[in-house]
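Protein chains in written order, with our numbering: chain A, 1 to 295; chain B, 296 to 858.
Source of the hints: derived by calculation from the structure; they are not laboratory data.
Errors might be hidden in some of the hints.
As the list claims (entries may be wrong) - Listed below are the simulated SDA-like cross-link pairs for lysine to any residue, each with C-alpha atoms no more than 20 angstroms apart in a straight line:
hint, chain 1, residue 1, chain 2, residue 2
1, B, 796, B, 597
2, B, 677, A, 196
3, A, 182, B, 701
4, B, 677, A, 210
5, A, 182, A, 206
6, A, 182, B, 693
7, A, 182, B, 656
As the structure is a prediction and not an experimental result, all values here were calculated from the model.
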Amino acid sequence: MTDATQAASAHTSGLLAIWRHTRYVLGENPVTAFSFALFLFFLLCATIGPYVVPFDPLTTNTQSALQPPSLRHFFGTDHLGRDIFSRVVVAARLDLFIAIASVALVFAMGGVAGIAAGFFGGWTDKIVGRISDTIMAFPLFVLAMGIVAALGNTVTNIVIATAVINFPLYARLARSEANVRKEAGFVHAARLAGNSELRILFGHILPNIMPIMMVQISLTMGYAILNAAGLSFIGLGVRPPTPEWGIMVAEGASYIVSGEWWIALFPGLTLMLAVFCFNLLGDGLRDIVDPLRRT
Amino acid sequence: MSDLLDIRDLCVEFETRKGIVRAVEKIDISLKKGETLGIVGESGSGKSVTSYAAMRILDRAGRITSGSIVYSGIDLATAGEAEMRDLRGREMSMIFQNPRAALNPIRQIGRQIEDVLIQHVQATRAEARRRAIAALEQVRIANPEERYNAYPFQLSGGMCQRVVIALALACRPQLLIADEPTTGLDVTTQKAIMDLIVDLTREHGMSTILITHDLGLAAAYCDRVTVMEKGRVVECASSQDIFGSPQHAYTRKLMRATPRPGALLQDLLPEDSPPQSPANAQSTAARSDTPLLRIEGLIKEYPRMSAGGWLEKLRGSNPADEKPFRAVDDVSFDVGRGETVGLVGESGCGKSTTSMMIMRLLDPTQGRILFDGTDLALFPAKEFARNPLRRRIQMVFQDPTESLNPRYTAMRAIADPILQAADRPRRDAVRARCEELAGLVGLPLNLLDRLPHQLSGGQKARVGIARALALNPDLVVLDEPTAALDVSVQAVVLNLLQSLKERLGMSYLFVSHDLHVVRLLCDRVIVMRSGRIVEQGKCEDVLERPASAYTRELIDAIPKRPV
Numbered sequence: 001m002t003d004a005t006q007a008a009s010a011h012t013s014g015l016l017a018i019w020r021h022t023r024y025v026l027g028e029n030p031v032t033a034f035s036f037a038l039f040l041f042f043l044l045c046a047t048i049g050p051y052v053v054p055f056d057p058l059t060t061n062t063q064s065a066l067q068p069p070s071l072r073h074f075f076g077t078d079h080l081g082r083d084i085f086s087r088v089v090v091a092a093r094l095d096l097f098i099a100i101a102s103v104a105l106v107f108a109m110g111g112v113a114g115i116a117a118g119f120f121g122g123w124t125d126k127i128v129g130r131i132s133d134t135i136m137a138f139p140l141f142v143l144a145m146g147i148v149a150a151l152g153n154t155v156t157n158i159v160i161a162t163a164v165i166n167f168p169l170y171a172r173l174a175r176s177e178a179n180v181r182k183e184a185g186f187v188h189a190a191r192l193a194g195n196s197e198l199r200i201l202f203g204h205i206l207p208n209i210m211p212i213m214m215v216q217i218s219l220t221m222g223y224a225i226l227n228a229a230g231l232s233f234i235g236l237g238v239r240p241p242t243p244e245w246g247i248m249v250a251e252g253a254s255y256i257v258s259g260e261w262w263i264a265l266f267p268g269l270t271l272m273l274a275v276f277c278f279n280l281l282g283d284g285l286r287d288i289v290d291p292l293r294r295t
Numbered sequence: 296m297s298d299l300l301d302i303r304d305l306c307v308e309f310e311t312r313k314g315i316v317r318a319v320e321k322i323d324i325s326l327k328k329g330e331t332l333g334i335v336g337e338s339g340s341g342k343s344v345t346s347y348a349a350m351r352i353l354d355r356a357g358r359i360t361s362g363s364i365v366y367s368g369i370d371l372a373t374a375g376e377a378e379m380r381d382l383r384g385r386e387m388s389m390i391f392q393n394p395r396a397a398l399n400p401i402r403q404i405g406r407q408i409e410d411v412l413i414q415h416v417q418a419t420r421a422e423a424r425r426r427a428i429a430a431l432e433q434v435r436i437a438n439p440e441e442r443y444n445a446y447p448f449q450l451s452g453g454m455c456q457r458v459v460i461a462l463a464l465a466c467r468p469q470l471l472i473a474d475e476p477t478t479g480l481d482v483t484t485q486k487a488i489m490d491l492i493v494d495l496t497r498e499h500g501m502s503t504i505l506i507t508h509d510l511g512l513a514a515a516y517c518d519r520v521t522v523m524e525k526g527r528v529v530e531c532a533s534s535q536d537i538f539g540s541p542q543h544a545y546t547r548k549l550m551r552a553t554p555r556p557g558a559l560l561q562d563l564l565p566e567d568s569p570p571q572s573p574a575n576a577q578s579t580a581a582r583s584d585t586p587l588l589r590i591e592g593l594i595k596e597y598p599r600m601s602a603g604g605w606l607e608k609l610r611g612s613n614p615a616d617e618k619p620f621r622a623v624d625d626v627s628f629d630v631g632r633g634e635t636v637g638l639v640g641e642s643g644c645g646k647s648t649t650s651m652m653i654m655r656l657l658d659p660t661q662g663r664i665l666f667d668g669t670d671l672a673l674f675p676a677k678e679f680a681r682n683p684l685r686r687r688i689q690m691v692f693q694d695p696t697e698s699l700n701p702r703y704t705a706m707r708a709i710a711d712p713i714l715q716a717a718d719r720p721r722r723d724a725v726r727a728r729c730e731e732l733a734g735l736v737g738l739p740l741n742l743l744d745r746l747p748h749q750l751s752g753g754q755k756a757r758v759g760i761a762r763a764l765a766l767n768p769d770l771v772v773l774d775e776p777t778a779a780l781d782v783s784v785q786a787v788v789l790n791l792l793q794s795l796k797e798r799l800g801m802s803y804l805f806v807s808h809d810l811h812v813v814r815l816l817c818d819r820v821i822v823m824r825s826g827r828i829v830e831q832g833k834c835e836d837v838l839e840r841p842a843s844a845y846t847r848e849l850i851d852a853i854p855k856r857p858v
C-alpha cells in the first residue's frame, strides 16, 4: 500500500469508508451481492407486502378454489380459494419476525453466557458447558416440539424454543473465541488501563468476536426459519388460517397426489430461497464486519 | 566454478485489493557451490519472497512476472509443478522461522523424517527407521532412538529446529534456504543452531542461503552478504567488505542501527538526525535513597501437571511430596527513582513472570512487592484495576500488534487509561491529552484515527508507549518493547524511550534477552536463570567483567562480526 492511498483512506469519513468497503465486497463476490439483493427483497415483502398484495390473504372464495397459476393468481389458489401469492408475500413478515427475534434472543443469551464462560473459566464455564451439553443431548427438533407443546402454541413460544435449541451453538462459539483472547496482549493492556473485568469482557473482547458471531447469526437465521416452518408443518406453533410458509406447505402436501402441486410448491420454494439467502449472507457479512480483512 | 543458483532480473508481483504490488524488482543473486550467502533486509524488503520464488512456493496472489531462476541448468521460474515437487526436499530444502509450525504436531518426529526419505525414494521402508535415527544423530540430538518417538510438543524450540534441519537435510540436498532459522530462539540456542547449520553444510559441500534481519548474524556465518531494501538489491559483497567499507547508504544505516559494543544510544540513529537532549543516562540514577520499587523474596509456584487425574487423587495415591514448579524462585532487587534496570535472561528464566507479578497481573505465591512503601502483593491481581496505585505502574508490551485491540483506533487505545481513570472526562480534554501524548512519542496526529492494522510496526510501538505514559506513571515495565521491530525502528524507539525518561523522570524495568540493547539503556542489570538471579550489578561491570559463567556464556553467544 502506498502512502498516498493510506492517507486518502484515513481522510475519508467513517461512513463513506464503510460504504466503499461494502461496495468492494459486493463487487468482489457476486454471490454476496445476490444474497444481499435477495435479503432486501424479503425485507421489502415483510414491510410493505401486506399493503400491496392483490388479494386479502385470509378471504376465502370457494368459487375459485384450487386454480392453477395464472395471470390473475400468480401462484394459483388453495382449497379455500385464497390467493397463494398474496399469502406467501404476507407470510414473509411472520417468518422473518420469528427468525430475527429468536436469533436476537439466542445471541443475547448464548453469546453472553459463552464469552463469560470463556473469559472467567472455572464455575461459570462448567455451568454454561453443562447447560449446553444437556440441550445437545436431545434431538434438537424434538426438543423444540416439546418446548412449544409444553408452553403453548404461540409465536412467542416458537421464538423461545428456537432460541433454546440454538443456545449451545452460540455459547460454544463465543466461549472458544473468548478463551483464545483472554490472555491476549491487549487484554492485559486493558487491565493495566484500569478496566474492570466486566468492562474488558464487553468493551474489548465482545467487539473482537462480533465478526465470527455475525456469520453464526446469519447461518442460524436460516435454520430458525426452517425450524419455525417445521413446527408449523406438524401443527405446532402458528395456527391456520394465519399465512405462514410451513403451514402452507403442510396444507398443500395432501393435494400433491391429486395434481394440485402449486399449493405446496410455491411456499416451499420461497422457504428454500430464504434459507439459501441467509446462508450466503453469512460469508459476505464476515467480509464487511471484520476489520482485519479491510486492508 | 559455475553457479549453483543464478537469479537474473527476477520480478515478483502480488495481486492485492489496492492493485498490483511489486515485492521484488529486478534482482540478481548468484550462489556458488559450497557458498553461504546471507540475504539481509528489514521487513518488507522482499528477502523472503525471493526465496519463496526460488522454491516456487509463493502463495496464490503472488507470481513471477519476469526473470529467470536457474538452478544447475534448470529454469525454476518456468518449471512444472511435478518437476518442482521432485526438486524440493531432494535438491533444495528450506528451514522456516517457526520450527514448531513447520512440524506436524501429531506425528512422531522420527516418522516425519521417514516420510521425507520415502517420498523422495531415498530409503526403503525397511531401512527408513535407521536412516531417520542417523539423521537425528547428525543434528546432535541426544538419545536419537528415544527421541525418534517424541512428538514436537515434547521438545523445546531449539530441539524442534534441530529436527527441522534434520528433515531438510535428510535427502542430502545441494541447496539449503534458511529463512530466519533462529529468530525467536535464545541467543545460546541460536549459536548452537547456526554452528550446526554451518558445520553440516560444510560437511556435505552444500550451498546455503541464510535469510535474516540480523546483520551481525549474517556477518558471522556467511561468506557473502546481499543487502535488500524495498524489493531491490542495494549491495552485495563479501562479509569482510560489507562491514569494512559499506558502500550503500542503506547498508550504512542498517549497520549504524544495529546495537553493538561500544556504541551509544545516539549512535544508532542515522547520521543526519537532529541531536537529542544531552544523553547522560548514568547520571540520573539513584536520586533518592529509598528505592521506588523493592522486591523481597518473590516466589511464584505452579502446580506440576501430574500424570494421574482426579481418579488418582481420589485413591490418595497422588504423591503429595511432589514439589510444585517454581517459575520465580526467591528473587529480590530494587529499582531506584529515575533508574533503568535491565532484567535479562533466556526464555523460561522467569523474567516475564516476575514482571507480570510486579505489574499485578499475576499473584505471587510469596514475597513482597514494595512500591513506594506500599506492599502491592497484598492486593489481589483481580481487584488491582481499581486501585489508585494502578495508574503509577504501567507497561509497554513485547508485541505491539498483539497488545492493541484490533477494533480500537490508535486514539481510543491511548485514551483507554484516561477514560478509566477519570469519571466523566470531557471529550475534547481527552482528545487534547491524546494529541499531546502522540506528540510526545512522535506519532503523526493524522494517524490517530487509524486501526492498528493500518499502522506500521514502529507506529504501533509508539501507540503502545503513548498508552503506557497516558497516566504519568512512576514505573514503566518495558517487556522486550523492540523485539518485534526492525533494527532501524528499534534504534528510534530506544532513543525515544531514553529521551522520554529524561523528560518525565520515570523509572524503567527493562525486560530483554538482548544484552546489547540492555547495555544501551540500562544503569543496572540483573541476569536471571531458571527463576533465580545469577548476577546483578552495574551495567558495565556485568557486561565487561561478568562474574558468573552463565553471563559469560550469554555474552559469548552473541554473533561476532569478522574484523
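So, going through the hints one by one against the coordinates:
1. In summary, the hint linking residue 796(B) to residue 597(B) is not supported, as the alpha carbons are separated by about 35 angstroms, beyond the 20 angstroms threshold.
2. Pair hint residue 677(B) plus residue 196(A) holds up; C-alpha atoms about 8 angstroms apart against a cutoff of 20 angstroms.
3. Using a Cα cut-off of 20 angstroms, the hinted pair residue 182(A) and residue 701(B) holds, with the two alpha carbons roughly 14 angstroms apart.
4. Of the pairs offered as hints, the one joining residue 677(B) and residue 210(A) is violated, with about 26 angstroms between alpha carbons and a cut-off of 20 angstroms exceeded.
5. Of the supplied pair hints, the one linking residue 182(A) and residue 206(A) holds, its CA atoms being roughly 11 angstroms apart against a limit of 20 angstroms.
6. The straight-line distance between the Cα atoms of residue 182(A) and residue 693(B) is roughly 17 angstroms, inside the 20 angstroms bound, and the hint therefore holds.
7. About 12 angstroms separates the Cα atoms of residue 182(A) and residue 656(B), which keeps this hinted pair within 20 angstroms; it holds.
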